[in-house]
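S.K.: Sequence:
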Amino acid sequence: MWSTLEAVLYWTDNVEHRIHRFDPRTGHDEEIRLDEDVMDLVVRREGGLLVVTAKSFAWLEPGSGVLRPFAEVEQDRPDNRFNDGKVDRRGRYWAGSMDGEHWDRPTGALYRLDPGGAPALQLDGVVCANGLGWSPDDRTFYLGESFRHAIFAYDFDIDRGTVSNRRLFTEVGAPDGAFPDGLTVDAEGGVWSVHNAGGKVVRYDPEGAPTHVVDLPVPHPTSCIFGGEDLTTLYITTARQGMDDDDLARYPLSGSVFALDPGIPGMPEPLFAG
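Each residue of the sequence shown is one higher than the last, beginning at 1 in full-length UniProt numbering.
The set of hints was computed from the structure by calculation and includes no laboratory data.
Beta carbons are placed, not taken as given, at the ideal position from N, Cα and C, and that holds for glycine.
Don't take every hint at face value.
Said to hold, decoys possible - FRET-style restraints, in silico, Cβ to Cβ:
| id | residue 1 | residue 2 | range |
| --- | --- | --- | --- |
| 1 | Asp230 | Gly27 | 14 to 22 angstroms |
| 2 | Pro206 | Pro268 | 17 to 25 angstroms |
| 3 | Gly161 | Gln241 | 18 to 26 angstroms |
| 4 | Ala174 | Gly242 | 40 to 48 angstroms |
| 5 | Asp215 | Trp59 | 32 to 40 angstroms |
| 6 | Trp103 | Asp137 | 15 to 23 angstroms |
| 7 | Gly242 | Leu5 | 29 to 37 angstroms |
| 8 | Lys200 | Asp230 | 32 to 40 angstroms |
| 9 | Leu168 | Gln241 | 36 to 44 angstroms |
| 10 | Arg77 | Thr232 | 37 to 45 angstroms |
| 11 | Lys200 | Gly48 | 32 to 40 angstroms |
| 12 | Pro69 | Pro106 | 23 to 31 angstroms |
| 13 | Val15 | Phe70 | 42 to 50 angstroms |
Construct all of the structure, not just a fragment, from the sequences and the given hints.
M.R.: As structure tokens, then:
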């Protein structure tokens, strides 16, 4: 998450229970250590962070390192956990879940959290929600389902905060094991999708045709976001979880955060209005 309030990059190391706050102007990376996994985070308009843990929405006040949960979901689905989320341009938080034990089961869901409200179910039967975003005109919503190996597009009603008319946007690499992970949308409406297990980031035009491919020196990129001055830097997070010594010898930069100038600017990430 790029914070336009602070001009810093927030990213999670969820296995190590840490949030990182990276300032590209100084190169300083601050770690916020917590007592549980953080699956996703967004910045609040009034300051601080809204995060999702495995099953809870929680506040994280600046500098405190203390999570204050305020809403839970899916207590009847013990294997499920949250996985990814984004804020729409009305300040509502959309967060998706997945089966954390059997990643290809259609037990995930998509929730919308309005400022001052409770989580409301929007979609069910999702296979590993991963990668969310909106077109610049707010008429199209994108949602990746990692182990359907696809990104889907929906009609989006920004006034009502609803999605409809699900359709395939693009398929991602099932034969070679790659799957869509995080995504972001640029100022021209291009969708940048991270292909985990494929070692690349691919940009698609609004019709779903690939226009750019960024090959990475690691196999497991996890998410991407535009940030930096004028939102011209694409930041890419990567993973090293599950890699053995031979894998890490071959791909020693696994787990790093990368940055590049793709030649197309992004859009400012909205802030949660609550």
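S.K.: Now tell me, hint by hint, if it's right for this structure.
M.R.: Hints, verified against the model:
Range check, Asp230 to Gly27: Cβ separation about 19 angstroms, and the 14 to 22 angstroms hint holds. At roughly 19 angstroms, the beta-carbon separation of Pro206 and Pro268 lies within the given 17 to 25 angstroms, and the hint holds. Evaluation of the 18 to 26 angstroms hint for Gly161 and Gln241 yields a failure: the beta carbon distance comes to about 34 angstroms. Taken as a hint, the range 40 to 48 angstroms is violated for the pair Ala174 and Gly242, whose Cβ atoms sit roughly 19 angstroms apart.
Between Asp215 and Trp59 the Cβ separation comes to about 39 angstroms, which falls inside the hinted range of 32 to 40 angstroms. Taken as a hint, the range 15 to 23 angstroms is violated for the pair Trp103 and Asp137, whose Cβ atoms sit roughly 33 angstroms apart. Taken as a hint, the range 29 to 37 angstroms holds for the pair Gly242 and Leu5, whose Cβ atoms sit roughly 35 angstroms apart. A beta carbon spacing of about 25 angstroms between Lys200 and Asp230 contradicts the range 32 to 40 angstroms that was offered as a hint.
Checked against the hint of 36 to 44 angstroms, the C-beta distance between Leu168 and Gln241 comes to roughly 29 angstroms, which is inconsistent with it. Between Arg77 and Thr232, the C-beta spacing of about 41 angstroms keeps the proposed range 37 to 45 angstroms intact. At roughly 34 angstroms, the beta-carbon separation of Lys200 and Gly48 lies within the given 32 to 40 angstroms, and the hint holds. At about 27 angstroms, the beta-carbon gap between Pro69 and Pro106 stays in the expected band of 23 to 31 angstroms.
For the pair Val15 and Phe70, the beta carbons lie near 24 angstroms from each other, so the given range of 42 to 50 angstroms is not met.
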